[in-house]
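*Asks:* Could you build all of it, start to finish, from the sequences and the hints given here?
Each chain, written out:
Protein chains: 10
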Amino acid sequence: MLVHLLYASRAASPVTAATIDSILHQSLARNPGIGITGVLCHAGDVFMQVLEGGRTQVNELYNAIVRDPRHRQVMLLHYEELPERRFGSWTMGHVRLDRINPSLLLKYSEKPQLDPFAVSGQASLALLRELVATAQIVGRAG
Amino acid sequence: MLVHLLYASRAASPVTAATIDSILHQSLARNPGIGITGVLCHAGDVFMQVLEGGRTQVNELYNAIVRDPRHRQVMLLHYEELPERRFGSWTMGHVRLDRINPSLLLKYSEKPQLDPFAVSGQASLALLRELVATAQIVGRAG
Amino acid sequence: MLVHLLYASRAASPVTAATIDSILHQSLARNPGIGITGVLCHAGDVFMQVLEGGRTQVNELYNAIVRDPRHRQVMLLHYEELPERRFGSWTMGHVRLDRINPSLLLKYSEKPQLDPFAVSGQASLALLRELVATAQIVGRAG
Amino acid sequence: MLVHLLYASRAASPVTAATIDSILHQSLARNPGIGITGVLCHAGDVFMQVLEGGRTQVNELYNAIVRDPRHRQVMLLHYEELPERRFGSWTMGHVRLDRINPSLLLKYSEKPQLDPFAVSGQASLALLRELVATAQIVGRAG
Amino acid sequence: MLVHLLYASRAASPVTAATIDSILHQSLARNPGIGITGVLCHAGDVFMQVLEGGRTQVNELYNAIVRDPRHRQVMLLHYEELPERRFGSWTMGHVRLDRINPSLLLKYSEKPQLDPFAVSGQASLALLRELVATAQIVGRAG
Amino acid sequence: MLVHLLYASRAASPVTAATIDSILHQSLARNPGIGITGVLCHAGDVFMQVLEGGRTQVNELYNAIVRDPRHRQVMLLHYEELPERRFGSWTMGHVRLDRINPSLLLKYSEKPQLDPFAVSGQASLALLRELVATAQIVGRAG
Amino acid sequence: MLVHLLYASRAASPVTAATIDSILHQSLARNPGIGITGVLCHAGDVFMQVLEGGRTQVNELYNAIVRDPRHRQVMLLHYEELPERRFGSWTMGHVRLDRINPSLLLKYSEKPQLDPFAVSGQASLALLRELVATAQIVGRAG
Amino acid sequence: MLVHLLYASRAASPVTAATIDSILHQSLARNPGIGITGVLCHAGDVFMQVLEGGRTQVNELYNAIVRDPRHRQVMLLHYEELPERRFGSWTMGHVRLDRINPSLLLKYSEKPQLDPFAVSGQASLALLRELVATAQIVGRAG
Amino acid sequence: MLVHLLYASRAASPVTAATIDSILHQSLARNPGIGITGVLCHAGDVFMQVLEGGRTQVNELYNAIVRDPRHRQVMLLHYEELPERRFGSWTMGHVRLDRINPSLLLKYSEKPQLDPFAVSGQASLALLRELVATAQIVGRAG
Amino acid sequence: MLVHLLYASRAASPVTAATIDSILHQSLARNPGIGITGVLCHAGDVFMQVLEGGRTQVNELYNAIVRDPRHRQVMLLHYEELPERRFGSWTMGHVRLDRINPSLLLKYSEKPQLDPFAVSGQASLALLRELVATAQIVGRAG
Ligand SMILES: Cc1cc2nc3c(=O)[nH]c(=O)nc-3n(C[C@H](O)[C@H](O)[C@H](O)COP(=O)(O)O)c2cc1C
Ligand SMILES: Cc1cc2nc3c(=O)[nH]c(=O)nc-3n(C[C@H](O)[C@H](O)[C@H](O)COP(=O)(O)O)c2cc1C
Ligand SMILES: Cc1cc2nc3c(=O)[nH]c(=O)nc-3n(C[C@H](O)[C@H](O)[C@H](O)COP(=O)(O)O)c2cc1C
Ligand SMILES: Cc1cc2nc3c(=O)[nH]c(=O)nc-3n(C[C@H](O)[C@H](O)[C@H](O)COP(=O)(O)O)c2cc1C
Ligand SMILES: Cc1cc2nc3c(=O)[nH]c(=O)nc-3n(C[C@H](O)[C@H](O)[C@H](O)COP(=O)(O)O)c2cc1C
Ligand SMILES: Cc1cc2nc3c(=O)[nH]c(=O)nc-3n(C[C@H](O)[C@H](O)[C@H](O)COP(=O)(O)O)c2cc1C
Ligand SMILES: Cc1cc2nc3c(=O)[nH]c(=O)nc-3n(C[C@H](O)[C@H](O)[C@H](O)COP(=O)(O)O)c2cc1C
Ligand SMILES: Cc1cc2nc3c(=O)[nH]c(=O)nc-3n(C[C@H](O)[C@H](O)[C@H](O)COP(=O)(O)O)c2cc1C
Ligand SMILES: Cc1cc2nc3c(=O)[nH]c(=O)nc-3n(C[C@H](O)[C@H](O)[C@H](O)COP(=O)(O)O)c2cc1C
Ligand SMILES: Cc1cc2nc3c(=O)[nH]c(=O)nc-3n(C[C@H](O)[C@H](O)[C@H](O)COP(=O)(O)O)c2cc1C
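Chains as they are written, first to last, in the UniProt record's numbering: chain C, 1 to 142; chain X, 1 to 142; chain B, 1 to 142; chain Z, 1 to 142; chain P, 1 to 142; chain W, 1 to 142; chain A, 1 to 142; chain F, 1 to 142; chain H, 1 to 142; chain G, 1 to 142.
If you are wondering where the hints come from, they were derived from the structure by calculation, not from laboratory data.
Take the hints with a grain of salt, since some may be wrong.
Once the Cα atoms are required to be at most 16 angstroms apart in a straight line, the calculated EDC-like pairs of lysine to aspartate or glutamate come out as [unchecked claim]: (1) A:K111 - A:D98; (2) C:K111 - X:E84; (3) P:K111 - W:E84.
Here are the simulated distance ranges between beta carbons [unchecked claim]: (4) X:S103 - P:Q113: 50 to 60 angstroms; (5) G:E130 - C:D68: 30 to 40 angstroms; (6) H:R129 - F:A118: 23 to 33 angstroms; (7) G:Q113 - B:A126: 53 to 63 angstroms; (8) B:A133 - X:R129: 21 to 31 angstroms; (9) C:A133 - F:H25: 58 to 68 angstroms; (10) F:A12 - H:P102: 29 to 39 angstroms; (11) H:R129 - A:F117: 34 to 44 angstroms; (12) X:S103 - W:I34: 55 to 65 angstroms; (13) H:R129 - C:A12: 52 to 62 angstroms; (14) F:F117 - B:R70: 51 to 61 angstroms.
Quick reminder that beta carbons are idealized off the backbone N, C-alpha and C, glycines included.
*Replies:* Okay, here's the thing in structure tokens:
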């Protein structure tokens, strides 16, 4: 059973390139073996991530992520059983939100910042889809 | 929570280029900081304006606008919670209705004049969308 | 409130070019002032006309037309309140049905003649829309 | 082809019981022979009437009514081809609106008076249906 | 054109029975003459009110209410053109929320308190409808 | 923002009445203060629980539950933003599945045992709703 | 494959009780063996009949009926493949239309007479269903 | 009232080019005068024909065709009242099924032969529409 | 994953009470252990059976049934993944079709006999549901 | 009656090119004569096959396939009556899954392998359709 899980969290300490590298490194090491695909965004101290894969694998990973001390306030935004993946082409895609047009963020929120804690899960999902549609995700790996 | 508010009003005294400039100036000064986007139309002594943004911010601004002595008969035409903005590309776009093809006005009303007081909010909204679709809004600022 | 009224009638005496000219002349003189747009068709002794505009104006004109001695058997085919005009580009367009492909008439009726008295209002409306879509209306005047 | 026509008008002179009696008398004399059924309402100087029957018969009667000097401002509110009559049990039912609960009128209009000229045809039709549903029509004649 | 407007606000000073009496008194004095119906709720320092009636009348009243110094943070929750009133039986009904079952409030919000500022307009409207359906509105006046 | 979260897990050690009492005790102590309502089922070593409430509160509690050493394999079954609670009448209802008719379990799964790990989230949710509809939940507390 | 066929015709000579008896007699003799069910109506010189059964059987019977010299102008009104019969309880039910309330006929046609030649197949089918629903069919034979 | 009738039949004797010519000749002679359009297919001893036109005309022709000794087992496949013709461009189009790609026949039936007696009317209609869409009908005559 | 499988077959030799007893006996012995529920009908030499349960279990049983020499022409009528069982109350219900009202069979087929080979799977399923709804299934075992 | 049947199975012994050749050979020899079309996929020891054709023919073939000792665990994934074939262009197409992009498999399942036993029939059908759409089927034979 394929599921799609979207969550947000806040970094426990200021996010550096090394933090991101380390997370992406862990993801690329572990996700292919367990059939997980997805996308990781961050902006300021906010993370937002999609995880797609088998229901058991996604939940095991999510439970590990919930316990990860590098962030807190881990909050589910959307969860759904899916007939097919939507982000299946990324082992773990990465969006560099500092390079995103602010009006794209404004389209889905009150202020031109990423703030998934303030909007509905649908709005965050819509933003992610628009990022895919406008090819703003790096790290494609089929 | 994003909302979309559309209202009409009548100028308290004849509208001059200076009046419009002053309003647009105020809008460009204040709206970006509070995440408001929208479009302002006027024709003769009639104003019609869309305000989009956070529910609190839009209402605070609308309440200020209701009290503004430069116009009267401020009347809501449409109000809606929205998953995403429709006019998100304009800090405050401007439509010079004296340059609009009269048959566009006629399409949505009994006479070839802007008269939002006489038609349903849906018709006014449809006119605004056709103005966007036909690229008749100036002052784009993302 | 915009309405759309479609009716048919039969000429009281054989229709000449002068009859048509006189009606179109009256229409072009009066309709723009009262915001009426539409299309007039005729074929043999049959008239079919769309009137669009404010509800009051369309009804006043229709009541005048009902009393006009140049035709009889005035019969409503369709009447509807509309959010926007469908024939808003014609002060009073004119269709020269003698120049129409007979298979277009056949598509909507039992015989290849215009006979709105024998078919539903929807069929007459569909014929009119196909005339618009295939650009068979003259007298465009925006 | 069955049609349903709803119109409103204003009496040319103050309406007396005799006016109403005379109209109902004419209706009961003529309608059964031509298969017309319907309902007549009046309130103050306003008439509102439904006519149902064959398309030809309804239009002939409507054209006579348009010319009747006892009223003016005859205005169509609704017109529709129908698979079956809605008011088929009344040769010409009569609603004594002075006996109607004002809150029923208020439900469909801005003021607690019958004013079909100010509201959409749908609202007038909805009011008529509620009158039928609450058995406020007299003169049943199957 | 009938509209339905729902808003919330916060009292400028602690709400006493006298404040409520004075507002209801003003409402009963003015609303019938301008065809306004509706319901007023309050709980703690929060007001929530529905206004139904003609579009012009509702907006004039709302603009007066926006300016009323007895409350602040006046915020639109819902606004809609309606074919028929939903609260047409109350000149201005009143809900004593201190007598309401807390689980009814909990059903529509995070905490068992009235907090229209924190929930969508739809949720507030749903709560109001459940209050009507469970006959918790006093002051019926047809 | 109200959310509805449904998950399953397996007890880390055999479930005793004391385990259940302790969990229910904790729930009744903490949930009312944070506006959480829901239902807890267990059967053999399987737990299944619904949590409803504010998005932040539900996620904080869920993250605590994920870390609770008394169970493992915590797996999300369903997660949804809701306009209104479905289980709002229970601070934390309890279903004694050992008293449930086995054919009710069979209706939604391959074997007559509770096995949320083997069926879709929708099926588990449907079972829970049938438990509510057939009044098999104890511990009602409004 | 089950089909439903509805047709009308006009008797070649005045219909007597003997004509009807003879047709019903033939129907009851032949229809059960070939799995045909249905209803026969007549009024004046008009017949209207539903035939339901296997596609081959219904067509064979219809072709025989088309050739039957006792009537002419045999005209299909409705034909449909069906998942289940609608008139399956009648080997050949009979409606004595001279005993039917005229307002039932008026409901579906311009005049209070049975005239399937003048109305759509849907209207004739609707009349037949209302006859079934109001138990006006005799000759039930399961 | 326009109708669309589709039937199949089997030739009484082997079909020769002369049989087809004679039928098409009769059709072209009679159909235009009575406003009938359509398409005739044949394959082996099977005929399949669409007739479109006024309800009276189509039925008169169909009744003549039922009696035509050149074929037997005449069986209705589909019959429908239509707002507009689907085959209005052919006085009587002709499909030479021996030239059709067998996989087109296979798409709609169990064997790569035309066998309307074995499939639903919808499947035969779908085949005919695909023949039109792929321009496999000859004898276009507008 | 729950599935629902409906098939028909023909007995290899005349069906006796002993044959049925033996099949039901086998079913009651094996089905509960593998979570299979369903209904078995027979009439003359025709069997029709529903099997519901886990996808693997239903297919294993069906493959055994396909190989069972007591019948032949085993033919699938319907197969579907289901969120919940429809026949979950019967370990293996039994319908004595010789006691069924023939008009019930006639409702879904050309002749008043059970002939699932001649009708669509939907029709057979509809018959089965009507048997359940009219409580004609024996052997309830919850 | 056309049906569409999709099943999966596991090879009884390691699959060699000769096994596949032999099956395809049998298929090409027998299927055209009985009007069967379809597609055969295999990957590792898993087979997945679509069979389309007449209901009787597909079931006869499926029953033969169920008994074929070259594979076991034959399991239905999808079965449906169809108005038209979806794979009508292949006597028996063949997909060489070892040449398929793994991300296509991943899109529909938890791991990048073909595992129809673990996913719903809809997912397997969706994968097959994408193989058709992306032209990955060989052995086209019209
Ligand atoms: C924002 C964020 C996203 C993460 N995403 C993933 C991921 O996609 N895959 C992964 O394996 N680990 C991810 N991790 C790391 C896990 O939380 C955890 O550290 C990692 O899986 C540790 O695995 P381990 O059990 O091998 O130590 C993420 C961590 C953070 C903070
Ligand atoms: C038709 C009209 C439209 C206006 N639109 C805006 C606007 O979009 N943003 C804004 O800040 N002020 C707008 N204003 C001005 C406000 O009413 C008010 O004067 C301004 O916000 C005052 O701000 P202040 O509180 O800083 O004096 C508008 C005024 C009018 C008459
Ligand atoms: C078929 C027909 C169509 C007509 N259409 C129009 C029209 O579109 N506008 C118009 O003003 N008069 C139209 N007329 C003329 C009116 O019936 C009427 O003669 C005219 O409005 C008279 O105007 P008056 O009141 O100025 O004499 C039409 C007449 C006929 C017979
Ligand atoms: C408000 C109103 C409603 C009327 N309704 C009807 C009616 O339903 N049937 C009718 O025959 N005449 C009705 N009439 C009268 C017609 O206008 C007209 O006077 C009548 O049909 C004259 O018929 P006559 O041609 O026999 O003189 C109505 C008149 C008015 C003013
Ligand atoms: C919460 C609230 C609700 C009110 N509702 C109404 C109302 O329904 N009708 C009304 O006339 N005034 C209402 N008022 C009072 C108006 O704001 C305003 O004071 C009143 O209409 C003044 O009328 P005046 O112009 O006659 O002084 C309300 C005030 C408050 C604070
Ligand atoms: C199956 C299960 C269900 C639980 N449900 C709740 C609950 O509804 N509310 C709650 O406060 N704690 C619940 N708990 C307990 C929490 O996991 C955690 O122990 C508790 O909230 C600890 O609170 P503390 O932070 O006060 O120690 C549950 C634990 C388990 C194992
Ligand atoms: C209006 C009408 C309805 C008929 N209905 C039936 C019928 O339902 N069943 C039937 O067998 N014959 C019916 N018949 C008679 C057939 O047309 C035909 O005479 C009869 O089937 C002759 O059968 P035969 O071939 O046995 O002579 C009907 C005839 C008429 C005029
Ligand atoms: C398969 C088939 C199709 C026919 N199609 C038509 C047709 O479309 N139009 C037509 O007039 N006659 C058609 N006919 C011929 C009629 O059955 C009949 O012979 C013809 O209309 C005789 O006309 P008549 O009454 O002038 O002799 C067709 C005959 C057959 C066998
Ligand atoms: C019409 C028919 C229906 C059957 N239904 C069932 C059934 O529901 N359950 C079952 O276990 N066997 C059923 N059987 C018997 C199986 O075909 C098979 O004989 C039985 O499962 C043998 O089991 P065995 O492997 O234990 O010998 C049925 C047989 C027939 C002919
Ligand atoms: C995976 C698989 C797929 C098959 N597909 C077909 C097929 O499409 N057509 C076919 O005739 N036989 C197919 N067969 C072979 C049949 O199972 C069976 O062996 C064959 O029809 C035997 O035919 P026979 O009765 O002529 O010996 C397939 C076998 C396997 C194992």
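*Asks:* Hint by hint, say whether it matches the structure.
*Replies:* Outcome of the hint check:
1. A:K111 - A:D98: 15 angstroms, holds
2. C:K111 - X:E84: Cα-Cα ~12 angstroms, so holds.
3. P:K111 - W:E84: 12 angstroms, holds
4. X:S103 - P:Q113: 50 to 60 angstroms: 54 angstroms, holds
5. G:E130 - C:D68: 30 to 40 angstroms: 36 angstroms, holds
6. H:R129 - F:A118: 23 to 33 angstroms: 27 angstroms, holds
7. G:Q113 - B:A126: 53 to 63 angstroms: 54 angstroms, holds
8. B:A133 - X:R129: 21 to 31 angstroms: 23 angstroms, holds
9. C:A133 - F:H25: 58 to 68 angstroms: Taking Cβ atoms as reference, C:A133 and F:H25 lie about 60 angstroms apart, which means the hint holds.
10. F:A12 - H:P102: 29 to 39 angstroms: Holds: the Cβ-Cβ distance is about 37 angstroms, inside 29 to 39 angstroms.
11. H:R129 - A:F117: 34 to 44 angstroms: 39 angstroms, holds
12. X:S103 - W:I34: 55 to 65 angstroms: Given a distance of about 59 angstroms, which is inside 55 to 65 angstroms, the answer is holds.
13. H:R129 - C:A12: 52 to 62 angstroms: For C:A12 against H:R129, whose Cβ atoms are near 58 angstroms apart, the range 52 to 62 angstroms holds.
14. F:F117 - B:R70: 51 to 61 angstroms: With a Cβ separation near 58 angstroms, F:F117 and B:R70 satisfy 51 to 61 angstroms, so the hint holds.
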